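K.L.:
Sequence:
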Amino acid sequence: MNKDDIFIKGARVHNLKNISVSIPRNKLVVVTGVSGSGKSSLTIDTLYAEGQRRYAESLSAYARQFLMRMNKPDVDYIKGLCPAIAIEQKVITRTPRSTVGSMTEAYDYLRLLFARAGKTISPVSGREVKKDDVRDVVDAIKALAEGDRVHILVPFLHHARRDPAEEMNILLQKGFTRLYVPSVKKGEAGTVIRLEEALEAKDPGSLTPAANTFVLVDRLVVKPFDEDDEHRIADSVSTAFYEGEGALLLEVNGTTTLSFSNRFELDGMTFEEPAPNLFSFNNPFGACPTCEGFSQVLGIDENLVIPDKRLSVYEGAVAPWKGEKLGLWKEQFVKGARKNNFPVHKPVMDLTKAQYEELWNGSPHFYGINAFFKEVEDNLYKVQYRVLLSRYRGRTTCPDCKGYRLRKEALYVKVGGLHIGELCEMPVKDLQAWFDKLVLTPHEQGVASRILIEIHQRLKTLMDVGLGYLTLSRLANSLSGGESQRIQLTRSLGSNLTDSLYILDEPSIGLHSRDTERLISVLKELRDLGNTVVVVEHDELMMRQADHVIDMGPLASYQGGTVVAEGDYDAIIRNAESLTGKYLRGELSIDPPAKVRTWNRSIKVEGARQNNLKDITVEFPLGVFTVVSGVSGSGKTTLVKQILYPALQQLKGEFTDKPGLFQGLSGDADYLSQVEMVDQHPIGKSSRSNPVTYIKAYDEIRDLYARQPLSKLRGFQPKHFSFNVDGGRCDACKGEGEQVVEMQFLADVHLTCEVCGGKRFKEEVLEVTYKGKSIYQVLEMSVDEAISFFADESDVVAKISPLSDVGLGYVKLGQSSDTLSGGEAQRVKLASFLGKGRAQGHILFIFDEPTTGLHFHDIKKLLASFNALIAQGHSILVIEHNTDVLRSADWLIDLGPGAGDEGGSLVYAGPPAGAKKVAGSLTGKFL
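The sequence shown begins at 1 in UniProt numbering and counts up by one.
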């Protein structure tokens, strides 16, 4: 090791076997190994946890009480550790207020740009709204010809409940002495009236017609002004602005008048002055008052009113215009359309924006859909109209802000002719091109140059990590785990930190092989800034490009936790002990099936148009292994998780989200008894939840122990062997095995329970044994150990075996669910289905990137589990990029060819081997 390296001595977190390892500083380091070998334990739970703890320890006791309490990881010491940042693959937010723009901080800089360099454009005249200040008036006076006579005037303001005499008295008290009435004849000087004289007159009201009388603030002759003169003029102008409530006039030589206003007004409207908060939809000041910044309200849902946009108005596209009475609305529309040249035979989806708005808003010759619903609302006292309206109500775009989330005053402010909402609706790649062409005035450029650098940098990084297809207004909770991780990476790169330790947990998840190359260049850029980048990864491309590889293993759990090999890519390949090396050099491999299964049942999604899907019809075979592939952003998640899954759930009468836009569902949906989405959400957050309880195998084990002679003698029932209910569990720790001592400002201390010694059960329960093992010792066994231990109990073995089949043989039976990774949790769910056998009917299993966190060796086991489910009569549908999985499928559906606007088409559907011959398929190239 180098003296500057980060050195970990004696790490024992989870299954790590007292290992010592050196991580080279300022290098790209990949940590690999089978699932459960200790990669995350070493990187996240040891390195990152210690980095965070040291930072927290540096704070005051007062600040520490507000932080998450951090335990010291079980390690002798770590030398050379720098500030640590972990970027995990979690969708970090579920709030509908968080967007791609706010997560990357690009929107914060956009708000600043619009507040500082934006021009407020009047919606009435299209002119720019400007506000005059004292300097503008002084400059206007100095620009006049020498010898010009100037009067600085403000309107004589007649306030309510005061007569003119009272107004003039107040003006005298303020120090004003003269009123001024302009001449009716052009070119003549006006009349100056002294306030005392006006007050002495018998009828002061006759002297002061409010509309045409001014207060004379100052008069002067234009000459080369010195500094004192300028100060005097500025004071007079300032006084005039205050007295005139923002308005003043300059009368020059009694002929021309120049008006100034320091109010932000034009065309009879008052505008809001641009400020960063005006452009924030998370701030009450900037958010649209109707939708409160959410962009949607409850109203008439366009998609329910026009469910099939492929029909024309004449063919009945408008769903409510049917029947004897309501059909008259369609008839009047068709008759009036001829006079307006409205194309009633054209499909609604092909109408121009203006024609579509005409269909809703109507014209002088016909009534539109809005007029129809206005009449429905006027008749809501009749029950049939209430039923009709409820049929077409739903979440719809806010009519006031048009989905831009901001109040209308914010949308009057423009940069380069566009408002901030329009910029956020652009895909990042188009937005980057727009900023490249943006032309600003020298003054605006001076103000905005620093802001533009930050915006350019964030847009460039989003492009580099393969997210050019996203818009800044895209909701954060609609992103996949991989997308949200790469967005966090963008934020970290934008902060330009140096001498830091970045720990990334499988950043290539959800990335097509095409995009992984670009991601690697971003990680190298992060390294070249002077940072140490540690990546937990299985991707071969990433290992080839790494400066240093650490291979954990040799297997998982109690059989793992050691460093098998380390060095560069070539050193790993040469190492005979390394399982990773065996797969990399081809000694072990995942072979595609010898024979592709055929199918005769399918479900067809017709006319899918949600997000970027281009009206595609896709057939999903049943009873076989189907994979949906394509580059990130090509529409895979939209097609499967937003259309197919909710549509099938709706068909089965299940509660679900509303499916995305599509024409219809046909095929053999009745053949399926249920649809299961097997995702990576935790199977339980409680420390009491564990794999053996989740797959219902613990019931069999408790029954077995309750049948033992000693149990019968002592009257023990199955409940006595549960740590979830009173009876057999330890009363001191309530079956937790440990007691928590709260230390106020310091981290909680977890102490092993003194009564049971961490064994969770009472002594008399632990005395009941089967083959010499107590219930506690059984829970401490790994799945593989338990299978051989319970060899005589076929019921128990049948329940536990699926965990081994999906590659979780290393997990302890009693391991807490909150210590399982996302991939492990997903495979526990898979095991629970495998264990149920044929009794459940025909299920369609949908997996979203199940190879997450899987080594080549684990993928092989996963594919065997898929085949076992298909053998039971079920169907498997997988969204995946991993080429080994793609090759092993029976049917491949490839979307693309690109991302965002360039994606959304069906590039190929058929056996995987056929994709290689399709010219437009990027997936085919990597296959």
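Read the hints as simulated data drawn from the structure, not as lab findings.
Bear in mind the structure is a predicted one, so any value in this text is a computation, not a measurement.
Errors might be hidden in some of the hints.
[To be verified] Below, simulated SDA-like cross-link-like pairs (lysine to any residue); rule was C-alpha separation at most 25 Å, straight line: (1) Lys353 / Leu304; (2) Lys696 / Ile683; (3) Lys641 / Lys353; (4) Lys658 / Asp890.
K.L.:
If a hint holds in the structure, say so; if it does not, say that too.
P.N.:
Hints versus structure:
Taken as a hint, the Lys353 and Leu304 pair is honoured in the structure, with Cα atoms around 19 Å apart against an allowance of 25 Å. Note on Lys696 and Ile683: the hinted pairing holds, with a Cα-Cα distance of about 13 Å set against a maximum of 25 Å. Among the hinted pairs, Lys641 with Lys353 is inconsistent with the structure: their alpha-carbon atoms are about 29 Å apart, more than 25 Å. With a C-alpha separation of about 30 Å, the suggested pair Lys658 and Asp890 falls outside the 25 Å cut-off, and the hint is violated.
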